[in-house]
Every structure is written in structure tokens, then in C-alpha cells.
Amino acid sequence: METSLATQIGDLKLANPTMLAAGILGYTGLSMKTVIDAGAGAVVTKTMGLEPRKGYLNPTVVQTDCGLLNAMGLPNPGIHHFKSEMGKLKKTKAPTIVSIYGFSANEYAQVARKAQTIGADAVELNVSCPHVEKAGAQIGSDPQLLSEIVEVVADNVTIPVIVKLTPNVTNITEIAKVSQNAGADAITAINTLKAMAIDTETGRPILANKFGGLSGPAIKPIALRCVYDIYNAVDIPVIGCGGISNWQDAVQFIQAGASALQIGTAVAFQGLDVFSKITKGVEKYLKSKGFSNIKELVGYAHQF
Amino acid sequence: MQRLNNKQSCVPPKFDAINRMRTVKILGIKTENCAVKTLTFKDKLCAKAQPGQFVMVWVPGVDEIPISISGISSDGKTCITVHGVGDASNALNEKQKGDVIGIRGPFGNGFVTSKGNVLVVGGGTGIGPLMPLTEQLVKCAKKVTVMSGVKDKENLLFLERLNELCSCVKTKPVFTTEDGSYQTAGFVTDQAKKMLIKEKFDMIYTCGPEVMMYKMFVLSEKHDVPIQASLERMMRCAIGLCGSCQIGELRVCKDGPVLNSEQLRSIKSEFGKFRLDATGNKIKQP
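Sequence lines, in order, name chains A and B. If you're matching positions, the first sequence starts at 1 in my numbering and goes up one per residue. If you're matching positions, the second sequence starts at 1001 in my numbering and goes up one per residue.
Treat the hints with care, as some may be off.
[What the hints assert, rightly or not] DEER-style ranges, computed between Cβ atoms: (1) A:E201 / B:V1211: 48 to 58 Å; (2) B:K1025 / A:K54: 49 to 59 Å; (3) B:L1159 / A:T202: 45 to 55 Å; (4) A:K134 / B:D1152: 15 to 25 Å; (5) B:K1042 / A:R113: 52 to 62 Å; (6) A:E201 / B:D1224: 46 to 56 Å; (7) B:N1090 / A:D11: 24 to 34 Å; (8) B:E1221 / A:S292: 21 to 31 Å; (9) B:K1194 / A:K284: 38 to 48 Å; (10) B:F1187 / A:P221: 51 to 61 Å.
[Unchecked claim] Which bits of chain B does chain A cover? Going by a derived footprint, with three or more residues having C-beta under 8 Å, they are: (11) 1063-1069; (12) 1105-1114; (13) 1118-1126; (14) 1279-1285.
[Said to hold, decoys possible] 27 Å max Cα-Cα, derived DSSO-like pairs, lysine-lysine: (15) A:K83 / B:K1273; (16) B:K1254 / A:K33; (17) B:K1153 / B:K1142.
In case anyone wonders, no lab produced these hints; they're calculated from the structure. For each residue, glycine too, the CB sits at the ideal point set by N, CA and C.
Only chain A is shown next, with the shape it has when bound in the complex (with noise of 0.2 Å):
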């Protein structure tokens, strides 16, 4: 019997769950050419906004315990600078999402038009930056701005609008219920947590932004609880992400109730075979146990 790993976000498509997460790679069509060659189901591009964009001086990235921190500062070239690259994609059958991020409603929907026309199959708005002020996080954290901003980016593309929430708020499923009700398509849970590393001999953070995302195994626990939560909240697909390092991982996020997976930090531990290695994995699981289709464990875990 034939196990079925093709899911859907929206009207998305993807032929496996697996998908990499905004941020990592990204800035050109060949690196994300190179990660679909090696599986993913789809790519999440770098966040695009409408002015280029240098991001932050180096250390940019600092190993912790289990984790990643990162303060990259969103770089970007900008999304008018992004066709020749998105060109590049159209012969890859896995959809590629483009990553967006404004400082007003306005300019969300500007590049979420410019997203659409350069072949974005959607668009994903990340409203959950943690080291950018007055964009990100700070957006998703207000349930106002952000109704508006969804519904303003909505009004304006017809391919799928995906709001990836931030961890850093009260209450993420009041979160999720507002971006559904402004429209959204589908919640990608979760962005990375505001934290911090100040290193002992200097005592200066080393950071050079001071406080960044981490992200990796560490954040793990937290995102798999977002997921759990949100499914319940909302009848829109759940996008997980945070920490997905391996099979396992990955069936936890789907029987909490994801519908597909983002993979970022694990790229660097384990190289680009980490998106055909999860799916193998959890097609493996789903034969053991009896599913014909990934769409069975989605959710799974709810029923106890």
C-alpha cells in the first residue's frame, strides 16, 4: 500500500511535509535550488522587504546550549532586487514562499503585490522578527496592527497568506484566532524566542545587536506546545517550527496538530540531507503504524 506524504497549506501543494524555514539561505534562486534538490517539500526565502537592507554587524550568530542565537537583522537586497533569483525556481516542482516584512501595513502589502508578481507560490508574513524594532515581533504582538496587516496583505494577493507568529506574546492562540479572522491561510508557529549571550571574559553580550532569536532543540518543547495549542484554536493549517531536528521530531509537530514542518537550525548540524532523512523517517512511522496518508497523524495527538 502506498503511504501518501503529500500535504496541503491552503492551496499549496508540497509532495513531503518537509519545508526550510525563512532566514536560512535564501538570498538566491541556486542555494534554494540546492535544497530542494536534496528534498524539501518546499522554501521559505529570506525575508524580503521593499528597501535593501544590511542587517546587523558580525557576531550575528552565537552557539548556546542546545540552541542557536541569532541577531541577523533581517538583510535582505529587497524584493525588486529579488526577480532574477526567483527566476531561477521555476523549474523546481517544491512551491517557494516568500518571506516578507514591512514597518506599516502599506508596505506589507507592497511587497506581498511584488512577492505575487515575481512567481511567489505565497507569501509568508513574518510579524515575529525578535531583533528588529518596529517590524516583526513587535507587530505580532499586537493583535490590532496585525489584523490589519493581514487583512490589508489578503486584500491584496490571491496566493496564500501565512503568519508566522512569535513565541514572545501572552497568549499565541489569541494570536493565531486574530490572523485567521484577518484573513490568513495558514500559521506558522513558531518564530525564535528574544534571548541573549554575554560572554564571561569581557562580560559584553556578544551579540553584536545584544538580544537576538535563539532558536535549535532548546526551543523544541515550547513550539511543539504553540502547535498543540493553536490546532485547537483554529481551523486553518498549523505550520511547525522550532527545533525539528530529526524523524521523531518532526511526528510530534504533526500529531500536535502541524501540517507541515520548517526546518532551519538543523541545516547546519546536519547538512542538507536532514529534509530527505525527515521524510523517510516519517514515512517509515506512518507504514509501522498503519497510515496511509500523513494527513491521518495530523492532530493525533488530541484525541487523548
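Once you have looked at the hints, place chain B on chain A.
Same frame as chain A, now just chain B:
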């Protein structure tokens, strides 16, 4: 039993340990020429580095930059050779003995040593990572020819060390200066071209400005000699995540920095021509 112990000691350190920042004291500073200094520090992981690998060097309060390792000694000391060209490298060259810097790494692959007749071609500070390589080559290669090209006499690097190393294998290093103020006038690639016409080599090693390395790559293809080139790119994470050092389908920090002929062929449309700037936009090589 002994074999088992040997095996255990060969277990590579975990990647998160390599990536963790360690603060180290600068043990020594050597002024190499008007703009270049070599700093020495001690770090257990760097002591096991391969020639061609690089470290991320944190200058507290300034920046963190990738620098190739230019010296690996048996007593656990590691050297980096720094050309003062930007904020971080200039700040690094103003450091005093005893000052503290942060180190992550060593990252990337290294050069693969050849047992045959080898040609080593450095341009400017690019000779840095070729130094520990040459130290290995003089022990294992059949013949070693080293060429180092710089702008002028004031920018000469590792004169003594190269003379010494080459004398071990009874050759003489070839130095070129663009203005002719020391030894041969002109570009090092012109001398390499002559050498390649004269002699059959089994491997070329190169590091230097990308335009120069591209010339070496073209020469290597023409003369059908395999080449290994150490590339330089803007780096942030150094662990294959951020994409800042992407060239074609390769990440310089993870797939490189040393790329072989086959890899260089795969990036022919970008190598020596384009690089990503801080925004991730593709710009022409300066």
C-alpha cells in the same frame, strides 16, 4: 586495546563545540610588513586545524570576521595573518599582546595534499593559508614550487619562512612585485603561466584576490592540471545557514573555502565575477 584508544582519540570534536565562541589571549604579535601582522593564540580545537581552514575572529565591540589560519604549530599555537583593510582587521592589528579576542572554528574544509609535483601560487595576504599547506607539502610532495606575488617590496610577506621551507626541498620561492621593486616585475600569474608551459604539474594550490585566482583557474584548465583555490566571501554564521557566502550552488563556509577544479567549473558564471554584498544582492567583483 591500544588500537581502540587510538580510535577514540580520532573522534572529531562535536560541531557545536567548534562553533562555540572561545575568548583567547593574544600571545604574540609579529609585524610582517607595513599593513600585515601575524597574531598568535592558543586554542585546543584550532591546534587540530587543517591547512586551508578558517576561524571567525571576534574583535569585541567591533565586528567578527573570517580569517584563514596561517600557522599551526605542534605546541598548540595557532597563527592568523591579518591585513588591515576594514574596521575589524584594523582594530585587530591595533591589539596588544595579552588582549582578548573571540574565536569560533576551525571551519570549512582544508587543502588536500598531493604527493606529486605541486605549484603553490599566492597573491598578497592570500599566501597566509598556503603557509601551513607548504609546510606539509615539503614533507610529502615530490617537488614544491612556491610563487608569491605582491604589489611592491613593502608588501612582501613571509620572505624568510618561504626561503627556509623551499630550501628543505632544494627549490627557491619566486617573488613577484607589480612595480618590480623586488625580484621579478609583474603579476604572479604571468610567472605561473611560464612555469606551467615549462613543466608538468600534478596540482596547483592558490589563494589571493579572486580575479587572480580566476586567472589561475583558467590556466589550470588550459594545461589540464587540477587546482585547489581558497575563496573568500562575506561571512556571518560560518556554519552553512545564513547564505551570505553563497556562490552558485555552493556555500563557501561549508563546501569550501577550498574548492577543487570540478567545483570551480560549476560556479564558472560567478567565480571571479560576482559576489553577494551585505544585503544579499549580487554585485560585480571589485
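Going through the hints against the structure:
1. A:E201 / B:V1211: 48 to 58 Å: violated (40 Å)
2. B:K1025 / A:K54: 49 to 59 Å: Since the Cβ atoms of K1025 (chain B) and K54 (chain A) sit about 32 Å apart, the hinted range of 49 to 59 Å is violated.
3. B:L1159 / A:T202: 45 to 55 Å: With Cβ atoms ~36 Å apart, the hint is violated.
4. A:K134 / B:D1152: 15 to 25 Å: Because 50 Å falls outside the window, the suggested range is violated.
5. B:K1042 / A:R113: 52 to 62 Å: holds (56 Å)
6. A:E201 / B:D1224: 46 to 56 Å: holds (51 Å)
7. B:N1090 / A:D11: 24 to 34 Å: violated (53 Å)
8. B:E1221 / A:S292: 21 to 31 Å: violated (53 Å)
9. B:K1194 / A:K284: 38 to 48 Å: violated (60 Å)
10. B:F1187 / A:P221: 51 to 61 Å: 58 Å Cβ-Cβ, so the 51 to 61 Å window holds.
11. 1063-1069: Holds, because 3 residues of the region 1063-1069 of chain B bring their Cβ atoms closer than 8 Å to Cβ atoms of chain A.
12. 1105-1114: violated (count 0)
13. 1118-1126: Answer violated; 0 residues pass the 8 Å Cβ test.
14. 1279-1285: holds (count 4)
15. A:K83 / B:K1273: Answer holds: K83 (chain A) to K1273 (chain B) is near 20 Å, not above 27 Å.
16. B:K1254 / A:K33: Roughly 17 Å separates the two Cα atoms, so the pair holds.
17. B:K1153 / B:K1142: Answer violated: K1153 (chain B) to K1142 (chain B) is near 31 Å, above 27 Å.
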